[in-house]
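Novice: One letter stands for each residue in the lines below.
Number of protein chains: 2
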Amino acid sequence: MAKNEWKDDPSELLRATATFRLSEVDPDSTPGFEGDKGDAEELLADHAHELADWQERLFAESREGSNRSLLLVLQAMDTAGKGGIVRHVAGAFDPKGVAVTGFGVPTQEESEHHFLWRIRKRLPAPGIVGVFDRSHYEVVLIHRVRELTPLDEIETYYDVINDFEREVVDSGTQIVKVMLHIGLDEQKERLAERLDRSDKHWKYNPGDVDERMLWPQYQQAYQLAIERTSTDHAPWFVVPANKKWYARIAVQRLLLDALERMNPEWPAADFDVAVEKKRLAAS
Amino acid sequence: MAKNEWKDDPSELLRATATFRLSEVDPDSTPGFEGDKGDAEELLADHAHELADWQERLFAESREGSNRSLLLVLQAMDTAGKGGIVRHVAGAFDPKGVAVTGFGVPTQEESEHHFLWRIRKRLPAPGIVGVFDRSHYEVVLIHRVRELTPLDEIETYYDVINDFEREVVDSGTQIVKVMLHIGLDEQKERLAERLDRSDKHWKYNPGDVDERMLWPQYQQAYQLAIERTSTDHAPWFVVPANKKWYARIAVQRLLLDALERMNPEWPAADFDVAVEKKRLAAS
Numbered sequence: 004m005a006k007n008e009w010k011d012d013p014s015e016l017l018r019a020t021a022t023f024r025l026s027e028v029d030p031d032s033t034p035g036f037e038g039d040k041g042d043a044e045e046l047l048a049d050h051a052h053e054l055a056d057w058q059e060r061l062f063a064e065s066r067e068g069s070n071r072s073l074l075l076v077l078q079a080m081d082t083a084g085k086g087g088i089v090r091h092v093a094g095a096f097d098p099k100g101v102a103v104t105g106f107g108v109p110t111q112e113e114s115e116h117h118f119l120w121r122i123r124k125r126l127p128a129p130g131i132v133g134v135f136d137r138s139h140y141e142v143v144l145i146h147r148v149r150e151l152t153p154l155d156e157i158e159t160y161y162d163v164i165n166d167f168e169r170e171v172v173d174s175g176t177q178i179v180k181v182m183l184h185i186g187l188d189e190q191k192e193r194l195a196e197r198l199d200r201s202d203k204h205w206k207y208n209p210g211d212v213d214e215r216m217l218w219p220q221y222q223q224a225y226q227l228a229i230e231r232t233s234t235d236h237a238p239w240f241v242v243p244a245n246k247k248w249y250a251r252i253a254v255q256r257l258l259l260d261a262l263e264r265m266n267p268e269w270p271a272a273d274f275d276v277a278v279e280k281k282r283l284a285a286s
Numbered sequence: 004m005a006k007n008e009w010k011d012d013p014s015e016l017l018r019a020t021a022t023f024r025l026s027e028v029d030p031d032s033t034p035g036f037e038g039d040k041g042d043a044e045e046l047l048a049d050h051a052h053e054l055a056d057w058q059e060r061l062f063a064e065s066r067e068g069s070n071r072s073l074l075l076v077l078q079a080m081d082t083a084g085k086g087g088i089v090r091h092v093a094g095a096f097d098p099k100g101v102a103v104t105g106f107g108v109p110t111q112e113e114s115e116h117h118f119l120w121r122i123r124k125r126l127p128a129p130g131i132v133g134v135f136d137r138s139h140y141e142v143v144l145i146h147r148v149r150e151l152t153p154l155d156e157i158e159t160y161y162d163v164i165n166d167f168e169r170e171v172v173d174s175g176t177q178i179v180k181v182m183l184h185i186g187l188d189e190q191k192e193r194l195a196e197r198l199d200r201s202d203k204h205w206k207y208n209p210g211d212v213d214e215r216m217l218w219p220q221y222q223q224a225y226q227l228a229i230e231r232t233s234t235d236h237a238p239w240f241v242v243p244a245n246k247k248w249y250a251r252i253a254v255q256r257l258l259l260d261a262l263e264r265m266n267p268e269w270p271a272a273d274f275d276v277a278v279e280k281k282r283l284a285a286s
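Just so you know, the sequences run in chain order Y and G.
4 is the number of the first residue of the first sequence in my numbering; add one for each residue after it.
4 is the number of the first residue of the second sequence in my numbering; add one for each residue after it.
Since the hints were made in silico from the structure, they are not lab data.
Heads up, a few of these hints could be off.
It does not matter which identical chain is meant; a pair holds if it fits inside one copy or across any two.
Once the Cα atoms are required to be at most 30 Å apart in a straight line, the calculated BS3-like pairs of lysine-lysine come out as [unchecked claim]:
id : residue 1 : residue 2
1  : Lys203    : Lys6
2  : Lys280    : Lys6
3  : Lys10     : Lys124
4  : Lys6      : Lys206
5  : Lys10     : Lys280
6  : Lys206    : Lys281
7  : Lys281    : Lys203
8  : Lys40     : Lys6
9  : Lys124    : Lys6
10 : Lys206    : Lys124
11 : Lys124    : Lys281
12 : Lys203    : Lys40
13 : Lys247    : Lys40
14 : Lys40     : Lys10
15 : Lys6      : Lys281
16 : Lys191    : Lys124
17 : Lys124    : Lys40
18 : Lys247    : Lys281
19 : Lys206    : Lys280
20 : Lys203    : Lys10
21 : Lys280    : Lys124
22 : Lys280    : Lys247
23 : Lys40     : Lys191
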């Protein structure tokens, strides 16, 4: 087995099952992969074209009336590498076939609506791979930790989310939910780097340290969110992310698996190819 | 001068001025570039990172309140390579910073609104590079050739478009308008290739041959559109496109020029870096 290949399929290893415990996931680990950074970069590059090819098939299929699409939901503590996943994994797709939405602090208008209002508007169109950088899970994460919403209301949201995702899947959109899991020390190093580099200052927010102080509360909120919403139709995958190169190949593999299962095919011609060749030749 | 560099800036060479004649543009030519396909591929790869870097600055700036964005408008006859520009040129951007919109046949709802209605909804948000694959120009191209709208009404649209683009530019969005110019014979070869490959059948439409029969009328409609709407605030660039590799480096250069002129800078920290370093260290 070459070092630049998966030893075991990470999809099974990273999937959060009924007994999942976030506290037992080592953010330094690399489940299913025995290579190093260089091996991982090779693997990422080797499969980029395959990922783009699947996406193009999905797009092609949609032109002939299919309503299928794929949605990658990314959640994580600050600096865990959501942006790097978008750039280095989703960057392989043809830009016409991918739509990235960052869900920051809700606008005034968004706050006045149900929390799914802004989410529904950004669900991927047929043929498109949507990426959510943060998502509808914010209401059971920061809202829970910061007490932005009464707890008894938050307690109802897990079922609301499960029902919503069931509806989305039934409408033709496969969902892959990923939590990038970094450690407290690793986050400190990454925040320090942002402070050291003037071209990274815009990514730093003093509030990041405030959030960091609430690390245990956030881990608990993630634990609850994952155990209550890792369903058969929309499972969670918890990806160790202290090694950025591992997180990238893992998410790439999860997307490849999802697309392979969807197995979009090139649409058959809805015209007579021989006739068209003659018409073209005569033109 | 290395063969994999521009000999002359194509921006000036390709810009449609007051005396522009589409019939005088040779679709096989490579203005400003003396290298071959391999040289062009090197040049494209060499500048991909630079393009991504500018876009990230534009994005960063928008997080601090700037409302600037960039819009690339692509128009062309079928098979001219709009899709390849999106994939190979815009593919260099971080997916979070680019938004591609294809404007096909208007939906029923779109048809019931002003032709700019669907366009306005897809103008790039601050910090984003928008790409229009077809655009508001369809009303003075296919509508003119196919007589989908009364001619006297179409005659008023050129001014409407100029006013609209003035407004867009004044709102902070730079516009780069590109017509990819291929020849009639080259199109025949490319359509034949689509008919030969089953994975390309979905891109072929029998209507493509019908449109092809109206080649001179389309060239005339493009001539009128370009001469009437190539303004100082939103000039047209006509890019010879029989050689796909040339069209790609030319559009890349046009985007680089536009971003260099905009010159977005990394936002300065709006916090005290020393204080934050201490807070982080203590956390």
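Novice: Give a verdict on every hint.
Specialist: Here is how each hint holds up against the structure:
| no. | hint | result |
| --- | --- | --- |
| 1 | Lys203 <-> Lys6 | neither (33 Å within a copy, 36 Å between copies) |
| 2 | Lys280 <-> Lys6 | neither (48 Å within a copy, 39 Å between copies) |
| 3 | Lys10 <-> Lys124 | neither (39 Å within a copy, 47 Å between copies) |
| 4 | Lys6 <-> Lys206 | neither (34 Å within a copy, 39 Å between copies) |
| 5 | Lys10 <-> Lys280 | neither (48 Å within a copy, 41 Å between copies) |
| 6 | Lys206 <-> Lys281 | between (58 Å within a copy, 18 Å between copies) |
| 7 | Lys281 <-> Lys203 | between (59 Å within a copy, 18 Å between copies) |
| 8 | Lys40 <-> Lys6 | within (10 Å within a copy, 35 Å between copies) |
| 9 | Lys124 <-> Lys6 | neither (42 Å within a copy, 48 Å between copies) |
| 10 | Lys206 <-> Lys124 | both (26 Å within a copy, 28 Å between copies) |
| 11 | Lys124 <-> Lys281 | neither (45 Å within a copy, 41 Å between copies) |
| 12 | Lys203 <-> Lys40 | within (23 Å within a copy, 37 Å between copies) |
| 13 | Lys247 <-> Lys40 | within (9 Å within a copy, 35 Å between copies) |
| 14 | Lys40 <-> Lys10 | within (15 Å within a copy, 39 Å between copies) |
| 15 | Lys6 <-> Lys281 | neither (52 Å within a copy, 41 Å between copies) |
| 16 | Lys191 <-> Lys124 | neither (35 Å within a copy, 41 Å between copies) |
| 17 | Lys124 <-> Lys40 | neither (38 Å within a copy, 43 Å between copies) |
| 18 | Lys247 <-> Lys281 | between (54 Å within a copy, 26 Å between copies) |
| 19 | Lys206 <-> Lys280 | between (55 Å within a copy, 14 Å between copies) |
| 20 | Lys203 <-> Lys10 | neither (36 Å within a copy, 35 Å between copies) |
| 21 | Lys280 <-> Lys124 | neither (42 Å within a copy, 39 Å between copies) |
| 22 | Lys280 <-> Lys247 | between (50 Å within a copy, 23 Å between copies) |
| 23 | Lys40 <-> Lys191 | within (21 Å within a copy, 47 Å between copies) |
Hint violations for this structure: numbers 1, 2, 3, 4, 5, 9, 11, 15, 16, 17, 20, 21, all remaining hints satisfied.
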